[in-house]
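Fit chain B to the given chain A structure using the hints.
2 protein chains.
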Amino acid sequence: MSPTQTPTPASETPQAQRVVISVDAMGSDKGPAAIVAGCSRAAKADASIFFLLHGQQRALETLVAAKKHLQGRCQIIDAPGVVSMEDKPAQVMRTGKQTSMWSALESVRKGEATVCVSCGNTGALMALSVIRLRKIPGVYRPAIAVLWPSRNPQGFNVMLDAGADIRADERDLLQYALMGASYARNGLDIARPRVGLLNVGTEEFKGRAEIQAANDLIAENAATARFDYVGFVEGSDLPGKRCDVIVTDGFTGNIALKTGEGTASLIRDFLREAFNYTPLSRLAALLAYTSLKRLSARIDPRRVNGGVFLGLNGTVVKSHGSADATGVSAAIKLAVQLAQSGFNQKLAARISAATMLASDTGETETEQGDSAAQEAGA
Amino acid sequence: MSPTQTPTPASETPQAQRVVISVDAMGSDKGPAAIVAGCSRAAKADASIFFLLHGQQRALETLVAAKKHLQGRCQIIDAPGVVSMEDKPAQVMRTGKQTSMWSALESVRKGEATVCVSCGNTGALMALSVIRLRKIPGVYRPAIAVLWPSRNPQGFNVMLDAGADIRADERDLLQYALMGASYARNGLDIARPRVGLLNVGTEEFKGRAEIQAANDLIAENAATARFDYVGFVEGSDLPGKRCDVIVTDGFTGNIALKTGEGTASLIRDFLREAFNYTPLSRLAALLAYTSLKRLSARIDPRRVNGGVFLGLNGTVVKSHGSADATGVSAAIKLAVQLAQSGFNQKLAARISAATMLASDTGETETEQGDSAAQEAGA
Chain A
1 MSPTQTPTPA
11 SETPQAQRVV
21 ISVDAMGSDK
31 GPAAIVAGCS
41 RAAKADASIF
51 FLLHGQQRAL
61 ETLVAAKKHL
71 QGRCQIIDAP
81 GVVSMEDKPA
91 QVMRTGKQTS
101 MWSALESVRK
111 GEATVCVSCG
121 NTGALMALSV
131 IRLRKIPGVY
141 RPAIAVLWPS
151 RNPQGFNVML
161 DAGADIRADE
171 RDLLQYALMG
181 ASYARNGLDI
191 ARPRVGLLNV
201 GTEEFKGRAE
211 IQAANDLIAE
221 NAATARFDYV
231 GFVEGSDLPG
241 KRCDVIVTDG
251 FTGNIALKTG
261 EGTASLIRDF
271 LREAFNYTPL
281 SRLAALLAYT
291 SLKRLSARID
301 PRRVNGGVFL
311 GLNGTVVKSH
321 GSADATGVSA
331 AIKLAVQLAQ
341 SGFNQKLAAR
351 ISAATMLASD
361 TGETETEQGD
371 SAAQEAGA
Chain B
1 MSPTQTPTPA
11 SETPQAQRVV
21 ISVDAMGSDK
31 GPAAIVAGCS
41 RAAKADASIF
51 FLLHGQQRAL
61 ETLVAAKKHL
71 QGRCQIIDAP
81 GVVSMEDKPA
91 QVMRTGKQTS
101 MWSALESVRK
111 GEATVCVSCG
121 NTGALMALSV
131 IRLRKIPGVY
141 RPAIAVLWPS
151 RNPQGFNVML
161 DAGADIRADE
171 RDLLQYALMG
181 ASYARNGLDI
191 ARPRVGLLNV
201 GTEEFKGRAE
211 IQAANDLIAE
221 NAATARFDYV
231 GFVEGSDLPG
241 KRCDVIVTDG
251 FTGNIALKTG
261 EGTASLIRDF
271 LREAFNYTPL
281 SRLAALLAYT
291 SLKRLSARID
301 PRRVNGGVFL
311 GLNGTVVKSH
321 GSADATGVSA
331 AIKLAVQLAQ
341 SGFNQKLAAR
351 ISAATMLASD
361 TGETETEQGD
371 SAAQEAGA
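Chain order of the listed sequences is A and B. Here the first sequence stands for residues 1 to 378, numbered as in the numbering used here. Here the second sequence stands for residues 1 to 378, numbered as in the numbering used here.
One chain only, chain A, in its complex shape (with noise of 0.2 Å):
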């Protein structure tokens, strides 16, 4: 969906280059002006950048002023409400349309903008990515795929969904591997993604019956949607390199992430621990300053910063609600190169012509759906 309306302030880049982002500048821990930090430091980096701003007016152009990168390269846009991390779901979409979190979804449904990304409540802002910007045809349940640093050479993989439902069939999860794979091959550039399913062991006679049903199907679709499908993996895998997406339910992703952070975060602080026990050690940590720096960027979670939102209408970036500018400018730099791979409407492709291959209507559309999907790249 390229931007029909687009903003009127004037840009230095073309128009037909520029690429439209939709940031929610409010409802980070950092607050605005972290957000606002972000944008800039993305602005300096990539020139086609132009940013709609959504948020509180007047603190928004205090912080926009100060910033000169920002200058001729944003719009903001008005939106005094604010949805806290507290904001139960439910409550936000019934009231939440003066919030900068609703109307930074508003700017991508009309189109202004390609993706939006915002560092606010996950709940609130997948029940109102639903709702607003709608699935795409053929999705039942959309996943929030996350990168997780790995052995593989592209650094990271994909995995989906951390999003926390509780609750995901053989389908879903089929359409998981889909939607993984296509976001493996535009958002990390990987032409033939490997796809893993997540399991308690490689065997197949375990797991769930869903699972099991899920390993058959994602099988069978593996050829068409140009994806190799290794089987069974298990929690070892996820930062291992035996395949680039692994593909799971939202609880269970959800617990693996976490899971995967809290263990990272209580090695980072035994190492600053360790370092400090003697005089010595002290030493060697200065010494040491450049490999350290090297081996916490390398595990940085705030350079895998962005879950994104799959299977709508439009692409959702979702940054950490404690990042700070660094962690920003990462989910905008994520932005920037899904919209400019076209990523959303090759997903839709690829989602179309596999429910025309599930719904068997015969082989001569099947066909036809597949290979616009193909053209597509998705």
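What the hints contain is simulated information worked out from the structure, not anything from laboratory work. Here the structure is a predicted model, which is why all the values come from computation and not from measurement. Be careful, since some hints might not be right.
Which copy is meant is left open, so a pair is good if it fits within one copy or across any two.
To be verified - Below 20 Å or equal to it, Euclidean Cα-Cα: the simulated EDC-like pairs (lysine to aspartate or glutamate) are:
(1) Lys293 with Glu273
(2) Lys333 with Asp189
(3) Lys241 with Glu261
(4) Lys241 with Asp269
(5) Lys241 with Glu273
(6) Lys293 with Asp269
(7) Lys30 with Glu61
(8) Lys110 with Asp78
(9) Lys67 with Asp78
Chain B alone, transformed into the frame defined by chain A:
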């Protein structure tokens, strides 16, 4: 269950204080040498241990002869068969009678040893343990409890079930809470353990139906069973300090465990690479040697090497298949502590008290059951 039929060889320790541990000496990835070396290390550190070593007699005799700390401290029981990592549990149950695993469990069943230690195939070990030792009356589904490095003063949290069982209802989750609290009390010396239930959020309204039901059941039983219930916890709390015992179903627990191990292993490798990057960083690594050693010890999976099977008539400690002498001796140390604390009788009393409570057989019986459990320190 104290030994009723003690093995014959002379020991330097008086019979009364002696702890007899039954060891499956085969089935490890590293062969019987690593297991015998682990026994020797444990025997050196603790004069009260006596071993029943099950496996191929000739091979074990040679290995034991070379270890001075094992002289007069172990009896070899010939069992020529070996359960391999590839063997299917059902097959081992039918044809495994001559294996070292079967034989090692038999010593516990007959009361010759208090605890069995094995590095073998987890599925086969659980299947054999259930049919040979049988479940404690009142236990529906045995569990595997693992130790998780944490920020708590004791250095570890208990998580259960890690057994890859694909289904647990609210009754099972309540029993895991009871058994986990008992294990924390006897294995980690925590007088009043804090118990949490793993979920996708800490809010009351989230999560699957059986988890909601378990939340109520565990809360109701906490005071009687002398633990504190902290409610729902998330994946990030597994290494955290919010609670000491984390309850979850075997599917989720298995995936969390492998995700945590995979993440720790990834960071270890990244750390090694970071310190190998430049001559300066290699020098720093030399200076930081003891600090890095200290860190490494804190997150070393070998130190927490010992999943414990709970809910059976006898305690079984499952050590990693790839455990070396350090890992095996850690598992034996844990086995000895559980044996000395009379853990399994206390656990049985605790389950019995809760079962009476649940069956609503009247206040008198309930109170009797509970006071028996309290007396036993379960």
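Cross-check of the supplied hints:
no.	hint	result
1	Lys293 with Glu273	both (16 Å within a copy, 12 Å between copies)
2	Lys333 with Asp189	within (14 Å within a copy, 50 Å between copies)
3	Lys241 with Glu261	both (19 Å within a copy, 15 Å between copies)
4	Lys241 with Asp269	between (26 Å within a copy, 14 Å between copies)
5	Lys241 with Glu273	between (30 Å within a copy, 17 Å between copies)
6	Lys293 with Asp269	both (14 Å within a copy, 15 Å between copies)
7	Lys30 with Glu61	within (18 Å within a copy, 66 Å between copies)
8	Lys110 with Asp78	within (16 Å within a copy, 77 Å between copies)
9	Lys67 with Asp78	within (19 Å within a copy, 78 Å between copies)
Against the hints set out earlier in the document, no violation occurs for any number.
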